[in-house]
Structures are given as C-alpha cells and as structure tokens.
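These protein sequences, in sequence, are chains U and V.
Residue 1341 in our numbering is what sits at position 22 of the first sequence, and the numbering runs on without skipping anything.
Residue 1378 in our numbering is what sits at position 59 of the second sequence, and the numbering runs on without skipping anything.
Hint data in this document are derived by calculation from the structure and do not stem from the laboratory.
Here the structure is a predicted model, which is why all the values come from computation and not from measurement.
A hint or two may mislead.
Intra- or inter-copy, both count: the list cannot distinguish identical chains.
Okay, derived cross-link-like pairs now, DMTMM-like style, lysine to aspartate or glutamate, Cα gap no bigger than 20 Å in a straight line [stated by the list, open to error]:
#	residue 1	residue 2
1	Lys1483	Asp1383
2	Lys1363	Glu1450
3	Lys1477	Asp1343
4	Lys1527	Glu1572
5	Lys1477	Asp1383
6	Lys1483	Asp1343
7	Lys1588	Asp1561
8	Lys1406	Glu1370
9	Lys1532	Glu1598
10	Lys1477	Asp1490
11	Lys1406	Asp1356
There are 2 protein chains.
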Amino acid sequence: MFNRVAFIGIGLIGSSIARVMRRDNLASTIIACARTDETLDAAKRLNIADETTKDIAEAVRDADLVMICTPVSTYGAIAQAMAPVLKPGAIVTDVGSVKESAVTAVMPHLPEGVHFVPGHPIAGTENSGPEAGFETLFEGRWFLITPPPGTDQTAIDKIAALWKQAGSQIDYLEPAHHDQVLAITSHLPHLIAYTIVGTATDLEDQIKSEVVKYSASGFRDFTRIAASDPVMWRDIFIANRDAVLEMLGRLSEDLAGLQRAIRVGDGEKLERLFRRTREIRRGVVEAGQHIPPSPDDTDPKS
Amino acid sequence: MFNRVAFIGIGLIGSSIARVMRRDNLASTIIACARTDETLDAAKRLNIADETTKDIAEAVRDADLVMICTPVSTYGAIAQAMAPVLKPGAIVTDVGSVKESAVTAVMPHLPEGVHFVPGHPIAGTENSGPEAGFETLFEGRWFLITPPPGTDQTAIDKIAALWKQAGSQIDYLEPAHHDQVLAITSHLPHLIAYTIVGTATDLEDQIKSEVVKYSASGFRDFTRIAASDPVMWRDIFIANRDAVLEMLGRLSEDLAGLQRAIRVGDGEKLERLFRRTREIRRGVVEAGQHIPPSPDDTDPKS
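Only chain U is shown next, with the shape it has when bound in the complex (with noise of 0.2 Å):
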C-alpha cells in the first residue's frame, strides 16, 4: 500500500496503527521519530519501525505517507521542520482529536502537491506510549475523515482504505462539525472525570484513602477516563476551547437545575430525567458502540 511510512510519535494510536501495517505487510519501511530514545527503543523492541530517528525532516525525506501521531500543539512546528524535504505527491495526515485547529496548524506551511488528508479514529484506552498500542484497536470503531475543501481524492480513498484494513468504518464531517460533535462526546466527558478525581484529591487523607477503597460504585469509571495522557488533553482542551465551553455552559445549566431539585426534593423532575437519559443508551447499544476496548479484545463488538 505505501513504500516508506513516517511516523511523528508512536503512542498509543500510533504504535496501534503501525502493528496494523506491520500485521498486513502495508508498508515496505517504517521509520519512528520521536523525542525520546525511550520511545524509539521501544519502537524498535515491539519490531514497528524498522528505522528511528529524533529529526523530523530526516524522517519524512522519501516518505509516500506521514503520520502525525503526537499532540495538536506540536503540529504547527512538525508540519515548519517536514516542509522543505516532503516529496511531491506524499500525504500528510493526522489522528488528533481536533480538527479545524489541525487544518489551520498544517495548511498554511505545506509545499504545493503535498495532500494533507486530517483524520481522528474514535479509539482509544486510558493508557500511552508505543507499548499501550494493540493492533485490534481501531476494529468496530469509527474513522472520521475532516478534509478540507479540494482536498486530492485519492488521498482521501488512500487514507481510507489504510483505516479500513485496521477494521475502521469510515465517516466524513466538516472539521468544525467534528469539533462540535467530540466537544460531548468526548471532551466534556474527558473534563468532567479530571475534575471530579481533582475534588477527590483534594478531600482530607482519611476520606481520600475510603474514596479509592470503595471506587467500585461508579467512581472507579472517572478515575479510568481522567488516567488519560496529562499533555495530550491539556492540548484538546485548548484547541477546542470555544465549543467545549459552549457545551460546559450547557452542561453547568442542567447541572444547576439538579441542584436545585435535590435541595427542593423535587423527586418528579429527577426521576424524569434518569428516565429521558435511557433512550440514548439504547441508541448507543444498538450502535454497538458499548463496549470499551481492551488488547484482550480481537471482537470489540461481541
């Protein structure tokens, strides 16, 4: 499918994608670039690069297909370092979490004939770093493709098959569109598990050792979604700052009229509630979208 594949950074999604082309022969060479020799070795200890490097336009030089697999902030300083040395017809993507901030950062620095094709597959575990990936990941999950306007076709078509051999399906939405629809789906639920185990950190040492202790009730849930990479987030949250805080805004008004039914004893208008909050439950069943994954896992959706 591709001659040489440049991976900048090989966590989690990266080293996931990079076991998938490995597994189905879908690049002749693989080469990692990362900023740590750690990660570098390990890359080459889990046999997903055959080449490593620190430097980003050594890794990219001759490469059909780049994958920028790192935090959105560090996009607009990879996409400067790669310019000069990308080669005429090679395809630029991404696995970011955000999309119109991807498409601002990358555009603008690209050489004419260098297809930049954005992507976000909706996977993911609360665990980082090369070792955390597994090749079985992305199956039964969604792909979504963001391109911009007059984007190449057949970088699209690329993109796409590569994600649909990791057992992705593939969708298509407008970057700010995407950003909207992943500020509820993910990133507000992402912001409201860091600050629900931040309050719990912070509670006297006695409470704090029996909050751990007896985390099973439904806690235990938020402290797996706020294990999620510190940086990575930090990054999202920024990127994505207006429509996250359209949707917190949100979020806070219907908070503020639970309260306010808990204080009155107002049982009616809870109860309604948790019974409105059902069918969207079932809608995510049905989708088979219900079980999280795990490298345990070769059928996410059974």
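Add chain V to chain U, keeping to what the hints say.
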C-alpha cells in the same frame, strides 16, 4: 445458615444475593415479595424463590432474616407493615445506598428483640430487575455494614458471614460517614453522568444522532452509568441530599476553575491537574477495584 428468608424487593441486588443463597444452600425457604406479578413470576422462573406474595406481612411472618432490597424511599412504609408480625430474634437487613436515612426510617418501627443490621454492597451494574442479577456480582467487592450503636453482635456477624459467602470483603462504617464517602464515589458520578447524558438528549436531532454514533470516545461510559435504575437514584439523591449538595458544591468550584483555565488558555494549570488525577487511578487499580463486573466474569479481579 437461615431457615426462612424473606426478600422485600428482588431486583438486581436482591436476586443476585438470592442466587448465592440457592447455590450454597444458605436458606431452607426463600420468600419473594414484590409489587408486580412480572417480578414475582421472574423470581419463580429463575428458581430463586420458593414462595411469592405481594403482602409484606405475609412475606416476613416466621422469617429469620428479612432482606429489604427496594428503593430507600419505601423503607418507612415497609418497616411499618412488617413490624406487627416480625418474630423475636429476627434479623432485618438492607442493601440501600444511603445509610443514615435507612436507620431513621426503619429503627423506630421495629419491635424489641428484632435486630436491624444496615448494609450496602459496593457492587452493581446499570441493569435492573431479577433477570439482571448474577451470583458472582459481589465477588471481590466490599460489603459495608453500618450498625447503629448497640446493635446485636451476633446479628452483625451473621450478616457478615452471608456476604463473605457471596465473595465480599466486609468493612464497618458509621452511617453518616458512609453517606459522605458514597456521595463522592457513587452519588456524584451518577448525578454528573445523568446530567451530561441529559444535556446530550437536548441537542438538536442531527448532532444527537452523531453523539450516539461516536460515543466510543468517552461518552459511552457516561451513558452506561446513566442507564441505572431511575427510581432508585431519585431516592438516593433525596435521602443523601446534604452530602450530595456539599460534594456538588466542591465540584462546581473546581469546574469553574478549569473553565477559566480553558478560557484564558492556561495549559499549565490544566496539565498540572491532569497529572495529579493519575495518582488516584493508581490507587484504584492497586485496590483491585478497576474492573467492572459482568455476568461472564467468574473472577472480577482477574
């Protein structure tokens, strides 16, 4: 272990502990009491009840053990209905999520010589009803006993022995302290999950369908929590109002701080919080409480 055991309510929790009693022959006769034929028929069909009735007094007559497994708002009326016929030496226990209100609702009605041992299994799923139960639900989970001062020690030990048989570890807490801890580990996460899924429910139809479709990005876990039993949770928030409002107040302050950090682009503050929350997750994993229960798990800690 017991001769006649009466279940008042036999949903997810009640039917799960009834299954354990059947499996290990802990009761000669199990009587199920519920309000609907549907529930009572299910209890018969599942072979977890020898006798069924809709009459509370009939159910508890001659019982050695009465298990109250209904939403907490029903406790007062149930205690009142059973008081005249409870036999001396009988033990009354419960599985409710709020303990101070349980003590206040039940104790004043019970005759001299009947022992109330309030308890709370830290285990559950988002599913409701007798069909949703399974006998491994409590394995590796905590069972908290919150006896009021002066509770008969033999009665406490019998309840502890029952739940140990179900695979639980036993711990003892003051009722009010229990309610504070659970406010943050359980009640607040459920409130937030209900709120955020409710916020999504109010979105315009097109974006709502996309939210369901792409729920695997974090929202999924919230929809699972928000699919929990509406009446049970309505009662919990009203019964534990003060502790829930106190914890919600702390959360709101922390959320306002994060909102501001996003608005002004304070990445350092965000990253600092996101790093701190990992410490709590490590504690949860070390405590073996990180795996959600499932009917297929024989060992939820594995």
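Q) Of the hints stated earlier, which fail here? A) Those not satisfied come down to hint 11.
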